[in-house]
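Student: Each chain, written out:
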Amino acid sequence: MDRTPSGITNLDKLIEGGFPKGRSILVAGGAGSGKTIFSLQFLYSGAVLYDEPGIYVSFEQPVDEVARDAQRFGWDIPDMTTSKKLAFLDYSQARSKTSDVVIETPSFNLDPLIKAIEFTAKEVGARRIVLDSITALLLQFKSTDTVRRELQRVSSALKKLGCTTLLTSEVPRGSVGFGRFGVEEFVVDGVIILQVIQKGLLRFRCIEITKMRGTKAELGLRAIGITESGITVYPEKVYTIEQLGI
Amino acid sequence: MDPGDGLMDTEIRFFTAKQCGFCRAAKTILDGIKQQFADTVKIREIDIDENPRAAIDEGILALPVIMIGTWKFVGVPDKDDILTAVLNSFGNQSAGSSESFKEICQEGRE
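Sequence order for the protein chains is R and C. Per our numbering, the very first residue in the first sequence carries number 11; after that it's consecutive. Per our numbering, the very first residue in the second sequence carries number 24; after that it's consecutive.
Only chain R is shown next, with the shape it has when bound in the complex:
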């Protein structure tokens, strides 16, 4: 199976060299667990190291904020967008809130989102896509059943594009699932969980690969760190349940 290098330092050692090419992977985690850094690192390294242009679709944070936050890791987003190595689609709530009155009925589809991704993918020749976050996408609508159904269509459309896609999802504190809406894990081929586990006064950043179709993934909670160059996985540092007290 062809692989897409993740760009996350040392992660590929755990997943046979990278994500299965052309597949969708869910990156789930609580607030502040590093989902956005993870997905930006995937896109930026794809563009810089592997000549694979990418698209970042934001449903939560305005893209200028995302670009500003990326600077601390030395990722020059404006330079990448100018050279058409990266493209950004901004559907953040702050941006779309231009209407005083919004009236919604459940009879709609998400075709404009699909079209926008297809159009932009063609413009930049995208090989990688990030949707950050599908939780925020679902929260933009009242008719969550319709959005759930449409999410399946979006996922199928992304597969047809042949791009390797990361979808992020926010896991509420104390939840045992992979997202708020219980649909997230069913539209993807792989699931990665990012966690910050607290034991006493100490906090441990961890990563766990719970599903990766077509891949013999290394199981277990492994330590990660957010360094000045992004996320680094420490493959040898496996946390046991006893260590973490969970």
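No lab work stands behind these hints, which were simulated from the structure alone. Since this is a predicted model, take the numbers as computed values, not measurements. Where a beta carbon is used, it is the ideal one built from N, C-alpha and C, also for glycine. There may be inaccurate statements among the hints.
[As the list claims (entries may be wrong)] Covered stretches of chain C, as calculated for chain R (at least 3 residues, CB under 8 Å): (1) 38-49; (2) 62-75; (3) 80-86; (4) 98-112.
[Claimed, not checked] Taking lysine-lysine and the DSBU-like style, the derived pairs with C-alpha atoms no more than 35 Å apart in a straight line are: (5) C/K57 to R/K247; (6) R/K247 to C/K41; (7) C/K102 to R/K132; (8) R/K94 to C/K41; (9) R/K23 to R/K152; (10) C/K41 to R/K31; (11) C/K57 to R/K152; (12) R/K23 to R/K94; (13) R/K170 to C/K65; (14) R/K23 to C/K41; (15) R/K170 to R/K94; (16) R/K209 to R/K23; (17) R/K132 to C/K50; (18) C/K50 to R/K170; (19) C/K65 to C/K102; (20) C/K41 to C/K102; (21) R/K169 to C/K50; (22) R/K247 to R/K169.
With chain R's structure known, arrange chain C on it following the hints.
Tutor: This is chain C only, laid out in the frame that chain R set:
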């Protein structure tokens, strides 16, 4: 004084696509509104297949979407809600709420 005096055209922006079934239902409702208000209401159809950039620039995620002033409708709308938005846009234009404006509102509701 004509009933339409002092009122500018109201533009309804309608994001649609040929293959979108819900959009056809929404269009039927808009056609009814257009008939009711004749030249005072202008409907601008934006086909996202022909003009994907317009939908991206407006941050449109779903279809159909209808925008009337600062009102936004997602999905097939109720005709009365569209009517309220149109009348509201007239109201915003005629701050004095003249007799002619009241006449138009009444005609619209009938």
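Student: When you check the alpha-carbon spacing of C/K57 and R/K152, does it fall within 35 Å?
Tutor: holds (29 Å)
Student: Run the distance test for C/K102 versus R/K132: straight-line Cα separation, threshold 35 Å.
Tutor: Judged against 35 Å, a Cα distance of about 38 Å means the pair is violated.
Student: Regarding the pair R/K247 and R/K169, is the alpha-carbon distance no greater than 35 Å?
Tutor: Given pair R/K247, R/K169 holds - Cα atoms ~34 Å apart, limit 35 Å.
Student: Is the Cα-Cα distance between C/K57 and R/K247 35 Å or less?
Tutor: violated (67 Å)
Student: Can the restraint linking R/K170 and C/K65 be considered satisfied, given a maximum Cα separation of 35 Å?
Tutor: violated (38 Å)
Student: So is the segment 80-86 of chain C in contact with chain R by the C-beta rule, three or more residues under 8 Å, or is the coverage claim wrong?
Tutor: Check passed, 5 qualifying residues.
Student: When you check the alpha-carbon spacing of R/K247 and C/K41, does it fall within 35 Å?
Tutor: This hinted pair is violated, its Cα atoms lying about 55 Å apart.
Student: If you count the residues of the segment 62-75 of chain C with a beta-carbon closer than 8 Å to a beta-carbon of chain R, do you get 3 or more?
Tutor: holds (count 3)
Student: So if I understand the rule, the pair passes when the alpha-carbon distance is 35 Å or less; does C/K41 with R/K31 pass?
Tutor: Judged against 35 Å, a Cα distance of about 33 Å means the pair holds.
Student: How about the segment 98-112 of chain C: do at least three of its residues have a C-beta closer than 8 Å to a C-beta of chain R?
Tutor: holds (count 6)
Student: Against the 35 Å threshold, does the CA-CA distance of R/K23 and R/K152 hold or violate the hint?
Tutor: violated (41 Å)
Student: Do the alpha carbons of R/K94 and C/K41 lie within 35 Å of each other, as the hint requires?
Tutor: Since the Cα atoms of R/K94 and C/K41 sit roughly 30 Å apart, the hinted pair holds (cutoff 35 Å).
Taken one by one, the earlier hints fail for this structure at numbers 5, 6, 7, 9, 13 and 14, listed in ascending order.
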